[in-house]
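Make a model of the complete structure from these sequences and hints.
These protein sequence lines map, in sequence, to chains V and G. Going by my numbering, the first sequence runs without a break in its numbering and finishes at 334. Going by my numbering, the second sequence runs without a break in its numbering and finishes at 334.
Please note that the accuracy of each hint is not assured.
It does not matter which identical chain is used: a pair holds within one copy or between any two.
20 Å max Cα-Cα, derived DMTMM-like pairs, lysine to aspartate or glutamate [what the hints assert, rightly or not]:
#1 LYS232 / ASP287
#2 LYS69 / GLU320
#3 LYS156 / GLU175
#4 LYS73 / ASP205
#5 LYS14 / ASP38
#6 LYS297 / ASP11
#7 LYS328 / GLU291
#8 LYS64 / ASP296
#9 LYS128 / ASP287
#10 LYS45 / ASP123
#11 LYS69 / ASP123
#12 LYS32 / GLU4
#13 LYS298 / ASP71
#14 LYS231 / GLU50
#15 LYS297 / ASP287
#16 LYS156 / GLU50
I should point out that these hints are in silico values taken from the structure, not numbers from a laboratory. Note that the coordinates shown come from a computational prediction; the quantities given were computed from them, not determined experimentally.
Each chain, written out:
2 protein chains.
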Amino acid sequence: MFSEWLKASIDFSKLLVLCDENTFRDCWPILKGILPSDVLVDFFKMEVGEVSKSLSICNRIWEKMTSMKMDRKDLLVNLGGGVVCDVGGFVAASYLRGISFVNVPTSLMGMVDAGLGGKNGIDLNHHKNRIGSFAFPIATVCDPVFLKTLPDIEWKNGCAEVFKHALIGDAVLFETLSVDGCTRENFTALLHSIQSVKLKVVEDDPFEDGFRKVLNFGHTVGHAIESASLKKDSTPLSHGEAIAMGMIIENEIMFQLGGLDASSNNNCREVLEKHLTKVKITSYSDDDLLEWMQYDKKSANGIIRMSLITSIGSCSWNVEVPQEIIRKALQSFR
Amino acid sequence: MFSEWLKASIDFSKLLVLCDENTFRDCWPILKGILPSDVLVDFFKMEVGEVSKSLSICNRIWEKMTSMKMDRKDLLVNLGGGVVCDVGGFVAASYLRGISFVNVPTSLMGMVDAGLGGKNGIDLNHHKNRIGSFAFPIATVCDPVFLKTLPDIEWKNGCAEVFKHALIGDAVLFETLSVDGCTRENFTALLHSIQSVKLKVVEDDPFEDGFRKVLNFGHTVGHAIESASLKKDSTPLSHGEAIAMGMIIENEIMFQLGGLDASSNNNCREVLEKHLTKVKITSYSDDDLLEWMQYDKKSANGIIRMSLITSIGSCSWNVEVPQEIIRKALQSFR
Numbered sequence: 001m002f003s004e005w006l007k008a009s010i011d012f013s014k015l016l017v018l019c020d021e022n023t024f025r026d027c028w029p030i031l032k033g034i035l036p037s038d039v040l041v042d043f044f045k046m047e048v049g050e051v052s053k054s055l056s057i058c059n060r061i062w063e064k065m066t067s068m069k070m071d072r073k074d075l076l077v078n079l080g081g082g083v084v085c086d087v088g089g090f091v092a093a094s095y096l097r098g099i100s101f102v103n104v105p106t107s108l109m110g111m112v113d114a115g116l117g118g119k120n121g122i123d124l125n126h127h128k129n130r131i132g133s134f135a136f137p138i139a140t141v142c143d144p145v146f147l148k149t150l151p152d153i154e155w156k157n158g159c160a161e162v163f164k165h166a167l168i169g170d171a172v173l174f175e176t177l178s179v180d181g182c183t184r185e186n187f188t189a190l191l192h193s194i195q196s197v198k199l200k201v202v203e204d205d206p207f208e209d210g211f212r213k214v215l216n217f218g219h220t221v222g223h224a225i226e227s228a229s230l231k232k233d234s235t236p237l238s239h240g241e242a243i244a245m246g247m248i249i250e251n252e253i254m255f256q257l258g259g260l261d262a263s264s265n266n267n268c269r270e271v272l273e274k275h276l277t278k279v280k281i282t283s284y285s286d287d288d289l290l291e292w293m294q295y296d297k298k299s300a301n302g303i304i305r306m307s308l309i310t311s312i313g314s315c316s317w318n319v320e321v322p323q324e325i326i327r328k329a330l331q332s333f334r
Numbered sequence: 001m002f003s004e005w006l007k008a009s010i011d012f013s014k015l016l017v018l019c020d021e022n023t024f025r026d027c028w029p030i031l032k033g034i035l036p037s038d039v040l041v042d043f044f045k046m047e048v049g050e051v052s053k054s055l056s057i058c059n060r061i062w063e064k065m066t067s068m069k070m071d072r073k074d075l076l077v078n079l080g081g082g083v084v085c086d087v088g089g090f091v092a093a094s095y096l097r098g099i100s101f102v103n104v105p106t107s108l109m110g111m112v113d114a115g116l117g118g119k120n121g122i123d124l125n126h127h128k129n130r131i132g133s134f135a136f137p138i139a140t141v142c143d144p145v146f147l148k149t150l151p152d153i154e155w156k157n158g159c160a161e162v163f164k165h166a167l168i169g170d171a172v173l174f175e176t177l178s179v180d181g182c183t184r185e186n187f188t189a190l191l192h193s194i195q196s197v198k199l200k201v202v203e204d205d206p207f208e209d210g211f212r213k214v215l216n217f218g219h220t221v222g223h224a225i226e227s228a229s230l231k232k233d234s235t236p237l238s239h240g241e242a243i244a245m246g247m248i249i250e251n252e253i254m255f256q257l258g259g260l261d262a263s264s265n266n267n268c269r270e271v272l273e274k275h276l277t278k279v280k281i282t283s284y285s286d287d288d289l290l291e292w293m294q295y296d297k298k299s300a301n302g303i304i305r306m307s308l309i310t311s312i313g314s315c316s317w318n319v320e321v322p323q324e325i326i327r328k329a330l331q332s333f334r
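Take a look at the structure:
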């Protein structure tokens, strides 16, 4: 079906599949079986992880595409998680001023976040996503078969984004998740609702002029905790754990600001602690965390801005938060 | 005036000027005097010429921008000819997923072509403009004062594009150019007509879905000649010479196809040879040139497509050209 849809959608004669070592081993054999048989298909395999989000990898992929004589009508397929979609989106958007690409996310995170929304990016000397563009895939193909080999830790990372989407845009989804969480069993039934939240936000504000920043809920504090942990802990927190803690603490901040009622705040905290993780920030000082928050892209001139929910299913953005309030909220978790 | 307009148009606090060695020497002292005085201004100087259209130069500019802590609101000013605008457009479009930029073309080519229209690009291993994107400057500032120091060879390169614009869209302009060419004396009077051809095409089809391809007249064959020359000749042809030859040969192709009458074909050839250059392709084989043409972005599935004029002032695009016709046209110039 994928093959027929592809052929009907775009008139291409060459197709390059971008994958990493894991998806090459686990997913490429499956994907290969459903690609059109009458086009030239080749693959490019990159190293697993953030190390591949580099200009030199892009250069090698562009050389590969050139050696295949790929033209503006040809197609790139990104088979992997967030990193593969991030790199592949930029590579496709910049080859001959942009060719079509399809995302085939193979992680929960990819299916609910990185594979949708059209943001791509690579790193420049440890500056995350410094180079990149906005470019939308012609399709994002989500097949749960690819998730079978996904490690539990990666599943958990995706779950944090699932809860985030519910909290910023879908109270009914949050109700459902409150009971069972997001599991390998109920995931397929929930996928459409989860993706709808993100797609609606992206459609309203594709280039992040304003509203799209709500997708950053949990991430100002979450990234600060993640960065502090990467620097201090011998076994750093996972991205999902850090974002879960970020959401809990940011809700406390909004409660302190008077923008979120006590019962929603408590309810969220209970649900997130039950299904994701408890807040564990005792090993980082308030000063450390505040310093990291000032590096956040929403902050400027020392003023910290956050995207904060005003009720379950509704989120505001560019909320200026005084440092005393952040300290007070952090204290309540120590 | 430029300074006031800039400050009123965008809220920026840092400005990087991209220039090459020539424009740094000749134009930067002029520009510096008219930039806002209350923002951080710095410059990046690159080598003159096509050699700077590389990923490694982009990398160095991005590092410079990062070291200045430029953010999404800051501004890049491209002070130079086609190469500076091509590189700078791509650099701005890809830094933090796109920041604003202003083109200040200092060459004829820049004022009539590269500085307008929103296409940017860098080369990949001799493949011209293989990597790039569409991104529109917030303004293109054309001041003839910058052309005073432009070397003659660069003037000639721009002239090829001026003739191209006339051939594809303005028969009256071509009449004028037939007599005097495009000179430092008559240029200012002609600038508006020249730019109007390009701007009208770009407005009708900004992302080159169809009609915009007429701007590629002369470039399928011209780029092939330029690429062959870059690879083979110790003193490669200039861009303008290559494009002039491209226009002459492509007219011969359209004549062979029956789409252009003999008298227009001969008239064009005479005028272009008089004001630009004669066809000199004896050192490249037909096979070499045909291979380069297949890399052309308008080509697909091995089928070579060209934009060819049907009369002086009118152009068609996506014209499929059989290889025998191309060989026949090339032969007539050997």
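**OP:** At 20 Å max between alpha carbons, let me know whether LYS298 reaches ASP71 within a copy, between copies, both or neither.
**Re:** between (36 Å within a copy, 8 Å between copies)
Original post:
Should LYS64 paired with ASP296 be assigned to within, between, both, or neither, using CA atoms and 20 Å as the limit?
Top reply: Classified as between; 17 Å across copies, 33 Å inside a copy.
**OP:** Can you give me the call for LYS231 and GLU50, within, between, both or neither, at a CA distance of at most 20 Å?
**Re:** within (13 Å within a copy, 36 Å between copies)
Original post:
Between LYS232 and ASP287, at a C-alpha cutoff of 20 Å, which is it: within one copy, between copies, both, or neither?
Top reply: within (14 Å within a copy, 62 Å between copies)
Original post:
Is the C-alpha distance from LYS156 to GLU50 at most 20 Å within one copy, between copies, in both cases, or in neither?
Top reply: within (16 Å within a copy, 47 Å between copies)
**OP:** If the cutoff is 20 Å on CA atoms, where do LYS32 and GLU4 land: within, between, both or neither? Let me know, please.
**Re:** within (14 Å within a copy, 58 Å between copies)
Subject >> 20 Å Cα threshold - placement of ASP38 relative to LYS14 >> reply: Classified as within: same-chain Cα gap 9 Å, cross-chain 52 Å, threshold 20 Å.
Subject >> Intra- versus inter-copy proximity for ASP287 and LYS297 (alpha-carbon distance at most 20 Å) >> reply: Within one copy only: 18 Å inside, 52 Å across.
Original post:
With identical chains treated as interchangeable, where does the CA-CA distance between LYS69 and ASP123 reach 20 Å or less: within a copy, between copies, both, or neither?
Top reply: between (27 Å within a copy, 15 Å between copies)
Original post:
Should LYS156 paired with GLU175 be assigned to within, between, both, or neither, using CA atoms and 20 Å as the limit?
Top reply: within (19 Å within a copy, 70 Å between copies)
Original post:
Given identical chains, is LYS297 near ASP11, meaning Cα to Cα at most 20 Å, within a copy, between copies, both, or neither?
Top reply: Answer is between: at 15 Å across copies they meet the 20 Å cutoff, but 37 Å inside does not.
Original post:
Taking 20 Å as the upper bound on the Cα-Cα distance, should LYS45 and ASP123 be classified as within, between, both, or neither?
Top reply: Within one copy only: 19 Å inside, 24 Å across.
Going down the numbered hints, you'll see the structure goes against none, and every one checks out.
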